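First to last, the sequence lines map onto chains A and B. Mind the numbering: the first sequence is residues -9 to 234 in our numbering, read in order. Mind the numbering: the second sequence is residues 522 to 791 in our numbering, read in order.
Hints are computed from structural coordinates only; laboratory data are not their basis. Please note that a few of the clues may not be correct.
[What the hints assert, rightly or not] DSS-like cross-link-like pairs, simulated, lysine-lysine; straight-line CA separation at most 27 Å:
id: 1; chain 1: A; residue 1: K8; chain 2: B; residue 2: K602
id: 2; chain 1: A; residue 1: K8; chain 2: B; residue 2: K788
id: 3; chain 1: B; residue 1: K786; chain 2: A; residue 2: K8
id: 4; chain 1: B; residue 1: K786; chain 2: A; residue 2: K129
id: 5; chain 1: A; residue 1: K57; chain 2: B; residue 2: K534
id: 6; chain 1: A; residue 1: K203; chain 2: B; residue 2: K788
id: 7; chain 1: A; residue 1: K57; chain 2: B; residue 2: K786
id: 8; chain 1: A; residue 1: K201; chain 2: B; residue 2: K534
Source: prediction; values computed, not measured.
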Amino acid sequence: MAEILFDHISKTFRYGFKRQTVLDNLTLDIEKGEVFGFLGPNGAGKSTSINIALDFIRADSGRVLIKGTQATDSNSRRNIGYMPEHPHFYEQLTPRELLEFGGLTSGMTRNDIKTQAGIILEKLELLPFIYRPVRTFSKGMKQRIGLAQAMIHDPEILILDEPMSGLDPLGRRLISRLILEFKEAGKTVFFSTHILNDVEMLCDRIGVLHKGKLLYCGDLQGFQKDSNTLEEAFVKEITDRSTR
Amino acid sequence: MNPIWLITKITFKEGIRNRILFGITLLALLLFASNVVLTNLFSLEVGKVMVDLGFAALSLAGLSIIFFLGIGMLSQDIHNKTVYMIVGRPVTRAQYVMGKFGGMTLLLFVVMLILGFLAMVSFGIGSALRPGATMPRNFSWVSLLTTIGFHFLSLLIVLSVSFFFTVISSSIYLAMLFTFCIYFIGHSLETIVKVLIKGEFMEVSPWYVGLMKGMSWLFPNLSAFDLKANLAYGLPYDGAYLIWTGLYGCAYIVIMFLLTLVIFKQKDLC
């Protein structure tokens, strides 16, 4: 059974009287223990796919299953840790309160939260700021708090929407290291990105999305077999499809 | 732990630490202080003036909390996508809305409690500073608490209306505008309908009177919750009226809440 299954997902948004198809019959499965990179240019439909997997938006047709449970069932999110592209928090709260909220809603005890929060915040170099309101944090620190909140309940699946977006090289390295640790623990990571270096370094498999259609799904070698670099293969695939 | 209670708690904490709340409280305190000064300008019905000014401060504070904190926080949640950090957890959308409403209710309750007490202090100081001035006739703590309680209920109706408009509209300003319109209509419609039915000052077609009567069923009758006159003039409180008005208020909140839930469940959070 796939950890995450997108089964013939289509989604259209309406802008005034115009309709735009954002996802067109997307079928995709992510297996247990793999790091799956979701690639595509801006507006390809990556975030929409993730939003459907988390039931933030509803597909027009098709279904998403998380470990066999429909994504529309809130229990499907019990095993998920999610970080959005631009994490926004209740700015008056402290990291401790945010992690406590995240842990308690996921069924953890206060003691477990305390222990786990200490470990994660230490790894993310946020422990000294645990009692400071989030409004005083920089973008990079907020991104790391977002990741801490996603990982607080030790989920089996991590879904990250552009996790490296806007981070400095140190921040990116930190998040890459955590993703690899997560993989070593046999867990699944599904993340969207357009930073190809990260994909080469982290991913077991990739999916390439363009204008709502899945152009490729498989391993990296298969995707770049006729090109020297991943970037070259990616640009070629997208421009070929655009000119067709 | 129940997700609704957890969301209620973080909403309350976020609200109570917000600087807007400090501004609102400061404004209310200034109004209470002005209560002490302004009552000295009146020679008659000082008790009524004190009650009116005190409740004006309470109304202003309550409405400001709903408009700037209630609508502001819910709108920010939806439009800034802060809501993702909550509904990305095993939390249903219904639990989210209930938790938010619970948090705002708790915030309003605490602020009303504090400001209600300060209003009493300003009544006391106002009476003490002015020789011959007395508290309103037949004044009792029960009557004051009843009046504040019904005022609180009317604020909860406005809060439920504000949630509905925040969820259906794409802009915070539209939500504020719609809520303000409902608040204004809710306070004036009963008087308009009464005047039209009496027909003393103008002749109006029965069709129009029927329309206005119909509208009075649709919009909340907020003036029904205004018991200031009873408190200021020492009038008796009718138990049956209080029960039916209370039930009406609760029913209106539940209906608005269910409508909000139905729409929010279908809404794309993007």
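A quick look at each hint next to the structure:
Restraint check for A:K8 and B:K602: the C-alpha separation of about 24 Å stays at or below 27 Å, so the hint holds. Using a Cα cut-off of 27 Å, the hinted pair A:K8 and B:K788 holds, with the two alpha carbons roughly 19 Å apart. For the given pair, B:K786 sits about 24 Å from A:K8 by alpha-carbon distance, which is consistent with the 27 Å threshold. Restraint check: the Cα-Cα separation between B:K786 and A:K129 comes to about 31 Å, which exceeds 27 Å; the hinted pair is violated.
Proposed proximity of A:K57 and B:K534 is contradicted: the alpha carbons are some 35 Å apart, above 27 Å. For a cut-off of 27 Å, the pair hint linking A:K203 to B:K788 stands: about 24 Å separates their Cα positions. Distance restraint check for A:K57 and B:K786: the Cα-Cα separation of roughly 23 Å lies within the 27 Å cut-off, and the hinted pair is therefore satisfied. Between A:K201 and B:K534, the direct Cα distance comes to roughly 42 Å. Violation of the 27 Å bound is thereby established for this hinted pair.
Of the hints listed earlier, those the structure fails to meet are numbers 4, 5, 8, in rising order.
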